Amino acid sequence: MNSPTRLPAPMGLLIDRERPLRFSFEGQSYQGFEGDSVASALLGNGRWLLSRSFKYHRPRGPLSMAGQDANSLVQLPEEPNVPADLHPASEGLKVAGQNFSGSLDSDRDAYLGKFSRFMPVGFYYRAFYKPKGMWKIWEPLIRKKAGLGVLDLDFKPQYYDKAYLFVDLAVIGAGPAGLRAALDAANSGAKVLLIEQQPVLGGSLNYARFDIAGTRATSLRAELLAAVEGHPNIQVLLRATCNAWFTDNYLPVIQHKRMYKVRATRCLVAAGSFDQPVVFRNNDLPGVMLTSAAQRLMKFYAVKPGQRAVVLTGNDDGYLAALDLQEQGVTVAALVDMRTTPVDSELATELKRRQIPLHLGSTVYEALHEAGMRHVSGVDIRPITGQGKVATQGLQLACDLLCMSAGYMPVYQLLCQAGGKLAYEETRAEFAISNLPTHLDIAGSVNGRHLLDNVLADAARGAAEALAALGLDVPTPAAFAAERPVNFPWPIFPHPKGKDFVDFDEDLQVRDIVNATRSGYRDIQLVKRFSTVGMGPSQGRHSALPTARLVAHATGRSIGETGVTTARPPFEAEKLAHVAGRAFDPYRQTPMHRRHLEAGAKMMPAGLWQRPAFYGKAEDRDRCMQEEARHVREKVGLIDVSTLGGLDVRGPDAAELLERLYTFGFAKLAVGRTRYALMTNEHGVVIDDGVCARLGERHFYVSATTSGVDRLYQQMLKWNAQWRLDVDITNVTAALAAVNLAGPLSRQVLAKVCEGIDLSAEAFPYLGVRLGKVAGIAARVLRVGFVGELGYEIHVPARYAERLWDVLMEAGAALGIRPFGVETQRLLRLEKGHVIISQDTDGMTHPAEIDMQWAIGRKKPFFVGKRSIEILEAQPLKRKLVGFTLPPTSAQPLEGHLVLDGADISGNVTSCEYSRTVGQIIGLAYAATHQATPGMHIPIRVEGGEIVQATVVQLPFHDPENQRQEL
Amino acid sequence: MSSLKAEDFIERSPLYPLQQGARLATLAHSSIVARYGEKEEHALLQRCALIDLSNLPRVGFRGSDSAAYLQARGYCLPEQPNQAVRQQDGCLVARLSQSEYLLLGSLHDLGARIAVEESRWEQDDQRNYLLPRQDSHAWLQLTGNRSAEVMAKLCGVDLRARAFASGAVAQTSAARINVIVINAGSQALPALQILCDRASVQYFWGALLDAMDEFGGGPVGIDALLD
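Chains A and B, in that order, give the protein sequences. The first sequence lines up with residues 1 to 967 when you count with my numbering. The second sequence lines up with residues 1001 to 1227 when you count with my numbering.
Think of the hints as simulated: they come from the structure by calculation, not from any bench. Owing to the predicted nature of the structure, the values given are computational and were not obtained by experimental measurement. Glycine included, each C-beta is placed from N, C-alpha and C at the ideal position. Check the hints yourself; a few may be wrong.
Unchecked claim - Stretch by stretch, here's where chain B covers chain A in the computed footprint (C-beta under 8 Å, at least three residues): (1) 158–168; (2) 384–390; (3) 692–701; (4) 725–732.
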């Protein structure tokens, strides 16, 4: 086992040296500290090889130490592709490498790199698609070689959720700019949300060096944090990533297992800029890293990144990093500056004072390596002789750490999602962002401000503009100093032997990008799609700028004209669990729900409602259903029909509204009477049905289907708004619960508990409606016959409904009352040939197809769908809903099974069940009109492809004279 | 434990099956949870608590004559839609649209005044239609300093006091169902009155408690409110 050795404090800002922990990587045990990332703990143990590259299986170690590259992707037991430089090390954690054959250290697929010349960019587009069908053979092999970890298919879902956050100002990034802006805004009264990816505030103040003495960052950090932490107007989210920008500053911010949906009046992006690599041969070796990564290693984790370092830079920051390295005991073998002189001449003086060799106008042409390429072992330094050109001779130096910094690329992704434009400033060799929408601003290095004082001044300006927009006090902004260039204009040095990587994720070398343009893909978007540059996990953070430069040069355009590829959300990989969040699946229960459960109901969904299908065990469905049906036919049953839609239509124009909405006439419907109501849409298609009960001259109570009432209510409101009738429409579906007391003994049961209503057939005939009291509860009682028996629908306010159920069950006990469910009701209505809208009808059904012409008021001047129905009826009928029977021994068709007409399909089964009452299998099906005559046979293809010959019969199947419901 | 049971009453809250073991108090023709157990509920009330007020009377009126009708009945009405006004006797009148009002009963008279409004109303030629809000909607009260944060997990409307002041009304969606939210709180006790589909309240109660869990919230009875 390796033991960790760390630098002394104040290095190690994030780790707690008093809390060691153990974890394993590739089966080997390692020690780290609380606060370590997996990568920092491994590097602290001298373990640099963390992964294998995507295509050539080259050894890779950390590049950015900030979760911005694919070099550190590792496998956790339950999750692949985890960035080891972000993921915290924890006690007992088991980590493995991924994308190798054999072992991570000795990958058998590493030979692929030797064949890179045979795998040029886009090779698989051309090599594996011919002859036709070959891709299916190659695909699994190629995908296996380009493996990206293993999914845990036994993964147990975890709790993720979402929450809104409402703020005046969202500041993205808590570096010097973010902290300063948040503080200024908060001090003036704005409610500020400060979003930071890292576990601590401070951004570059935590790891970068801003002055030769090395004190500026520390003091400024302490000053800003003291003011920000605990500020009542600042809410801080650490380890949080703003993963996109959507219109009006709608920001999805992911923190731990939650996605915050931030609604910010103003948004200030102070996300900084990405340190950029230099392109040279073997720039991907373990031990070659961004300068900022080496600084992070030391200052965050107290890990000494090497013993002997070379720093390759294109700006003054590399000098400051060299000072950091030396102060932590790293021998700086050379500082290689691609420029001919630093901007700040004092830096060169300081290097000289510290005896750090300085090579101006030079570059690393090739990184040298140990056997197996497991670590950098030296560099070949060459003088630069032109753009991308070097001298033929140079100097070789031994080193075990190579830090590189070619300059910076603003974190442009969110800003481009917001419509921001990137313009390349040739004199500064960097992209600048403009054209941002109102209420979105940028500050700091993302805005091209790199001097620390300028960063702070820019933050103050950003805060001032936000405060002005919010109508709050605006402090006086500071002035800016002249900026110095930080980007070397051409940090790309192609090597004849290649392996000069532009895109580490996809193993793309300089010649791959250039060859893409030579293949005709001159546009940067096409280069991306052909070469896959920028399509890996780092999404172009390090490849966009060199690609733009290479494509511009190869196509003879400027870098500004070439641009970069479109940046789309998400900013970094996000889990589907974050997008899904906590699932909200509303459901509705009737007031009698508890009674159904107590009675052993098998519940079923009906839209959002939970309804009893039948009472008994699921496996006893048929028996329970048949027994319940027989009970209703012979004695009395009780069903909860609270889910039926209910609408109160009141006002002087109530009848007129119904006249226009429904096919039937209601103007002359007497008070105390009900009438079947069929609704069609403008196309004459049947969309709902129910019963209209007239409770008063100006008051109708209208029922609707369970699934259709919400849409119906909307339709009523829409039409009423258009017609401007004097009417009020109220959806009382949940407010009025209802039961249907059905069966020949129902009157006897109701008589025991009913007051104020004469229940005799003469006084309260079929299709009548009465107001009275049932069980002492004010009730609307309707005589309707959906199941074809003497029956009463009793509607009461929901608060009393359970009491109503209890009283009716008690009153009916002596007569053998029992509850029945929806499945039973469907069988009973099928026996009567009653259709269920949306089960026996579809999006094309018009009244003539289901024999509903009788429900159309022909004398009415208008109803919705009238004109269409007239047109449809003038055409020959193409299909018809028919009743059919089959012997009990026949295979039973299911809903959806096809009705055939020779070799053609003429319709489908919509309802089918065995009926003990009829003694046969009965059903409804659409069939061709020439098949619809009673006595004809229709072939139905059932399960397994068997064809059964069903007999078309006249509807209804039971009680054709309708005597039972009119008792 | 109280000997009262919800099923002893003719009116029942849709949530009563979830209130087993709670101590109940009588509320006219129904019961209401007085307290859930022996635990201190006042502190919870201040932090994050949920109260089922579904059995407390409430009623709605809508129509061009409703305002005059209610004013004649002695109610002070909000000047604009989506506002609520506390009446002197503690009941609350919310204006939901140009011509629609929602009356919420007060615990001080156990909702008696509002119950009368429902029972005495009769439809006449006036455009003043009664809306059965006690049966169409369940009524929950979310109290405490974390109320807005709880709702932010369920609802896209900013319900922080600085954006949603006392007396404000929001008709919106929370946890994917329609709700009416009224800020009826004070500096001493932040409180949101939430009315939702009565048939969905078991679902919504669970969703709210789940959202409250992070803040150590839970259900409390009305004793904590009345003491």
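These are the hints, each one checked on the structure:
1. Check on the region 158–168 of chain A: 6 of its residues sit with their Cβ under 8 Å from a Cβ of chain B, so the three-residue criterion for coverage holds.
2. Requiring three or more residues with a Cβ within less than 8 Å of a Cβ of chain B, the coverage given for the region 384–390 of chain A is violated, as only 0 such residues are present.
3. Evaluation of the coverage hint for the region 692–701 of chain A: fulfilled, as 3 residues show C-beta separations to chain B shorter than 8 Å, against a requirement of three.
4. Residue count for the region 725–732 of chain A with a Cβ under 8 Å from a Cβ of chain B: 5. That meets the three needed, and the coverage hint holds.
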